[in-house]
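S.K.: If you want the building blocks of each chain, they are given just below.
There are 2 protein chains.
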Amino acid sequence: MTRDRLYLFDTTLRDGQQTPGIDFSVEDKIAIAEMLDAFGLDYVEGGYPGANPTDTTFFARRRTRKARFVAFGMTKRAGVSAANDPGLAALLQSASDAICLVAKSWDYHVAVALGCSNEENLDNIRASVAAVVASGREAMTDCEHFFDGYKANAPYALACARAAYDAGARWVVLCDTNGGTQPSEIREIVAAVIAAGIPGDRLGIHAHNDTGQAVANSLAAVEAGVRQIQGTLNGIGERCGNANLVTLIPTLMLKAPYAERFTLGIDRERLQGLTALSHAFDERLNRSPDHQMPYVGASAFATKAGIHASALLKDPRTYEHVPPETVGNLRKVMVSDQGGKANFINALKRRGIAVDKDDPKLDRLIAIVKEREAQGYAYEGADASFSILAQRTLASVPDFFRVEGFRVMVERRYDANGQLRTVSEAVVRVSIDGETMMSVAEGHGPVNALDLALRKDLGPYQTEIADLELVDYKVRILNGGTEAITRVLIESGDSTGARWWTVGVSDNIIDASFQALMDSILYKLLKNRGEAGRAAAE
Amino acid sequence: MTRDRLYLFDTTLRDGQQTPGIDFSVEDKIAIAEMLDAFGLDYVEGGYPGANPTDTTFFARRRTRKARFVAFGMTKRAGVSAANDPGLAALLQSASDAICLVAKSWDYHVAVALGCSNEENLDNIRASVAAVVASGREAMTDCEHFFDGYKANAPYALACARAAYDAGARWVVLCDTNGGTQPSEIREIVAAVIAAGIPGDRLGIHAHNDTGQAVANSLAAVEAGVRQIQGTLNGIGERCGNANLVTLIPTLMLKAPYAERFTLGIDRERLQGLTALSHAFDERLNRSPDHQMPYVGASAFATKAGIHASALLKDPRTYEHVPPETVGNLRKVMVSDQGGKANFINALKRRGIAVDKDDPKLDRLIAIVKEREAQGYAYEGADASFSILAQRTLASVPDFFRVEGFRVMVERRYDANGQLRTVSEAVVRVSIDGETMMSVAEGHGPVNALDLALRKDLGPYQTEIADLELVDYKVRILNGGTEAITRVLIESGDSTGARWWTVGVSDNIIDASFQALMDSILYKLLKNRGEAGRAAAE
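If you read the protein sequences in the order shown, they are chains A and B. Going by the UniProt record's numbering, the final residue of the first sequence carries number 538, and the count climbs one at a time with no gaps. Going by the UniProt record's numbering, the final residue of the second sequence carries number 538, and the count climbs one at a time with no gaps.
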């Protein structure tokens with residue numbers, strides 16, 4: 001049996017932008033488009049060129065190599081020709097491979113939102129799709145409110161879909177815009193569309209999660225015949241979100257009946273990067289990954305010591321619906337057992353640190369890590385801090401320098417011109433080989449001042465850290481209120497191109513930042529001596 | 001047509017207890033059982049009496065009034081009689097109305113995990129169910145791994161289900177223990193079980209979310225004939241969680257085809273308490289509610305000002321699959337840089353601020369909001385700051401007090417005992433009616449110190465802000481490095497139960513926090529005078 005090709009259409013940068021609390025910068029969009037392209041998505045929809053400065057800048061250049069780069073916009077208005085519609089013109093000027101036009105397909109919305117006649121709306125769809133086709137780009141149409149529209153007026157909804165198809169749209173995408181349609185309805189209505197003459201390999205599905213079934217609705221549509229699926233990374237999107245591609249991709253690739261029937265543009269090796277992709281995306285949004293997310297969550301293959309744990313240890317596969325390594329995730333049995341220890345030894349080995357499994361120092365390290373993670377440290381995201389902790393516990397780390405104390409001051413006051421101004425200053429007292437030196441620096445905010453003061457004079461080590469650079473700084477409040485515990489993650493780099501992450505945790509953000517800054521400098525000094533763990537610097 | 005009764009079985013306190021990071025105390029269990037009982041759940045499963053001290057204490061008394069109180073445990077072991085099995089004895093001694101016995105129904109697990117013969121396992125099921133029935137309690141059986149077991153050995157899986165049914169189990173619950181079964185498989189296998197002689201009104205479904213389809217699988221089982229659904233509050237549970245009852249309940253009560261075909265033990269009035277139930281549960285777990293959760297999330301009925309917002313304003317119902325008030329949630333149309341003038345007017349109207357569309361001050365406000373959002377302010381998440389800005393621009397805001405300056409100091413030094421300690425201190429200079437006062441406070445970190453100093457002495461306004469409380473504090477770094485722009489969002493509340501969000505943005509985290517703190521105090525003072533926007537305080 002030949003397997004049908006399914007096409008994945010990512011709308012993270014367009015519908016995902018509708019998520020409350022999410023606003024992508026141009027740099028965010030460029031980075032996310034690269035991730036999606038590298039992972040093997042077929043289409044990457046980038047936004048609405050012409051509608052806002054971010055999207056217009058983003059569409060000034062093609063931002064994908066392999067994936068088709070898609071611009072989104074509306075069909076032309078009634079009363080103007082396609083050639084004279086400014087919205088359509090902006091789409092055609094964008095550096096896109098394909099253009100997705102949203103078209104009303106519920107007669108009620110045509111009247112209320114567009115205020116034109118049903119026939120005018122059909123004309124607008126035809127003329128707009130034809131203009132895209134004439135421009136040499138791939139045309140597709142999102143039939144907005146298709147399922148609700150079909151329930152209200154089936155012939156008109158079908159006429160809208162047909163208008164797009166007849167005008168040459170490569171894909172006619174059926175959208176459950178309000179997200180309330182149930183899988184059985186999706187199945188039935190998709191079958192009716194195919195019966196009305198649009199083949200399944202020209203149809204797409206765009207589902208929302210308002211009843212928690214965006215994934216099930218997408219799969220129901222695929223079973224009914226559609227061959228394009230729209231969704232987003234981690235299911236972000238308006239209201240309750242869009243269909244989560246991070247859940248759909250492994251289900252389609254690994255599970256019956258899909259794995260036997262379909263192929264995607266992603267291979268099994270890429271699939272092992274799924275967990276990393278999902279986490280990298282959350283990292284960019286500066287939010288904690290959902291531990292319970294299917295396939296990629298930290299808990300997705302975790303079992304608490306309970307009725308399942310002992311059976312799991314006998315044969316893990318019988319308690320797992322897919323092997324965690326297929327999606328780049330890890331099995332976790334949260335009991336202190338051989339399995340846990342073996343994982344630790346392995347994690348150390350990957351950092352170039354050898355340790356015997358009966359070494360009592362290993363038990364001490366495991367205990368310290370567990371205790372610190374309970375306090376809020378996240379060593380998973382701070383490899384350099386983990387390497388330092390492991391080396392310090394299992395062997396030793398040289399005392400290059402000691403910070404005897406620091407003082408950071410932020411003052412808001414009127415300056416000489418009568419303007420309110422805020423200044424930040426830090427003083428650091430460092431001792432090296434019995435000699436004490438003080439450094440002072442001003443900065444943009446207290447953490448920046450502290451960073452500058454710390455690295456201003458490290459005596460004999462100063463030249464060594466000259467190329468150390470802070471690349472990123474992330475703060476997460478681990479519980480509510482201004483008394484909350486703060487976790488700081490710092491990404492550093494140097495002229496060799498290496499990057500490393502360090503972590504600090506405290507109820508004081510300055511203290512937490514200080515810990516992470518210190519680890520970063522220490523890591524750099526160890527690295528210069530060839531003593532830093534390997535993996536951390538990768 | 002008479003409507004079939006569906007029974008809801010809550011396993012928050014049993015399977016939910018398997019969630020990594022969740023451990024219920026006896027007090028938690030008592031409080032949660034009360035919530036579930038009051039909401040109208042049919043069965044509340046409390047845990048494993050006899051297996052641990054918490055559950056044994058919890059089962060010392062009946063903890064529900066109306067709902068049936070269910071104890072969970074294993075069928076008896078092979079080789080001992082039901083009367084001599086200590087596990088079964090503990091269940092029978094508990095103050096439960098019903099007992100749910102978990103039984104293996106996959107022959108492979110019988111061999112690997114139980115180490116007994118298939119026939120012995122069937123005997124154990126029969127004898128254990130009979131013992132529960134003989135005790136006068138309602139008996140039910142969770143057929144563990146039923147779907148995977150059926151796929152491996154259908155006759156044996158069916159034999160296990162039949163053994164429970166024939167021995168008198170009121171409910172035979174088909175469990176998708178590994179969570180990987182797809183809705184079409186569920187539908188097919190449930191039909192086979194009914195064809196094998198167990199009627200649908202004696203069958204239950206227990207689904208897990210490992211492919212994001214626990215809700216869809218539960219509904220597929222209901223469509224195929226089962227009449228009991230097991231799930232948890234907010235979908236907590238082992239790995240990716242159990243079926244989310246908070247999503248299933250409104251779908252069953254409000255959506256076609258379920259609403260016309262079924263009744264639940266919950267009425268429409270109770271349903272309006274669903275959002276409160278979901279949030280109260282998260283409150284008890286001390287975690288932030290999921291904003292995107294279907295029906296009850298803060299974003300579930302939120303629309304960013306974009307292509308949908310203007311149509312939404314014309315007729316909200318056409319962009320909502322159910323009315324938000326049916327589940328006790330609220331509609332939200334958010335301000336953002338994508339917004340047009342009509343959206344702005346509406347956003348203001350909902351805050352009780354009337355403005356004419358031709359008022360030049362409105363254009364000024366829109367320009368200010370756009371400019372500030374470009375700087376990093378996020379007014380969609382900071383309703384109170386938006387209200388203040390709007391009032392200040394369109395009308396005026398009283399000068400209650402003025403902060404002339406502040407100084408925040410963080411010092412890390414050796415204390416009298418030779419220990420390194422970090423202390424934070426803030427000094428604030430405030431002028432009120434020409435009088436200047438200074439306040440100083442120590443805190444956990446610089447922001448906490450500043451907050452305490454700011455609210456220490458506001459002269460005539462001090463008593464008014466006595467019940468002001470900071471509830472949450474969020475920091476987002478808008479670009480990399482320690483020189484980055486920082487956005488701070490603060491959630492505040494007071495004794496009336498009102499909550500409001502304020503925002504601050506600066507390259508200095510202390511400054512950003514200061515702005516958000518100032519807005520919060522100002523909002524509280526306006527609110528006390530009935531001058532704060534309405535929507536922001538909701």
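Just so you know, these hints were derived from the structure itself, not from any lab. Even for Gly, the Cβ is constructed at its ideal location relative to N, Cα and C. Please note that the accuracy of each hint is not assured.
Claimed, not checked - Within a straight-line C-alpha distance of at most 20 Å, the following computed EDC-like cross-link-like pairs (lysine to aspartate or glutamate) qualify:
| hint | chain 1 | residue 1 | chain 2 | residue 2 |
| --- | --- | --- | --- | --- |
| 1 | A | Lys151 | B | Asp23 |
| 2 | A | Lys332 | B | Asp23 |
| 3 | B | Lys255 | A | Glu188 |
| 4 | A | Lys370 | B | Asp23 |
| 5 | A | Lys341 | A | Glu373 |
As the list claims (entries may be wrong) - Here's a subset of chain A near chain B, in silico, CB distances under 8 Å, partners left out:
| hint | residue |
| --- | --- |
| 6 | Asp107 |
| 7 | Tyr108 |
| 8 | Thr303 |
| 9 | Thr393 |
| 10 | Asp507 |
Claimed, not checked - To give an idea of the interface, some chain A residues facing chain B are shown, with a C-beta separation under 7 Å as derived from the structure:
| hint | residue |
| --- | --- |
| 11 | Gln213 |
| 12 | Arg239 |
| 13 | Leu254 |
| 14 | Ser288 |
| 15 | Gln292 |
| 16 | His321 |
| 17 | Glu325 |
| 18 | Val410 |
| 19 | Tyr473 |
S.K.: For every hint, state whether the structure bears it out.
M.R.: For each hint, the structure was consulted:
| no. | hint | in the structure |
| --- | --- | --- |
| 1 | Lys151/A to Asp23/B | 46 Å, violated |
| 2 | Lys332/A to Asp23/B | 18 Å, holds |
| 3 | Lys255/B to Glu188/A | 16 Å, holds |
| 4 | Lys370/A to Asp23/B | 17 Å, holds |
| 5 | Lys341/A to Glu373/A | 16 Å, holds |
| 6 | Asp107 | 11 Å, violated |
| 7 | Tyr108 | 6 Å, holds |
| 8 | Thr303 | 7 Å, holds |
| 9 | Thr393 | 20 Å, violated |
| 10 | Asp507 | 4 Å, holds |
| 11 | Gln213 | 5 Å, holds |
| 12 | Arg239 | 6 Å, holds |
| 13 | Leu254 | 9 Å, violated |
| 14 | Ser288 | 10 Å, violated |
| 15 | Gln292 | 5 Å, holds |
| 16 | His321 | 2 Å, holds |
| 17 | Glu325 | 16 Å, violated |
| 18 | Val410 | 4 Å, holds |
| 19 | Tyr473 | 5 Å, holds |
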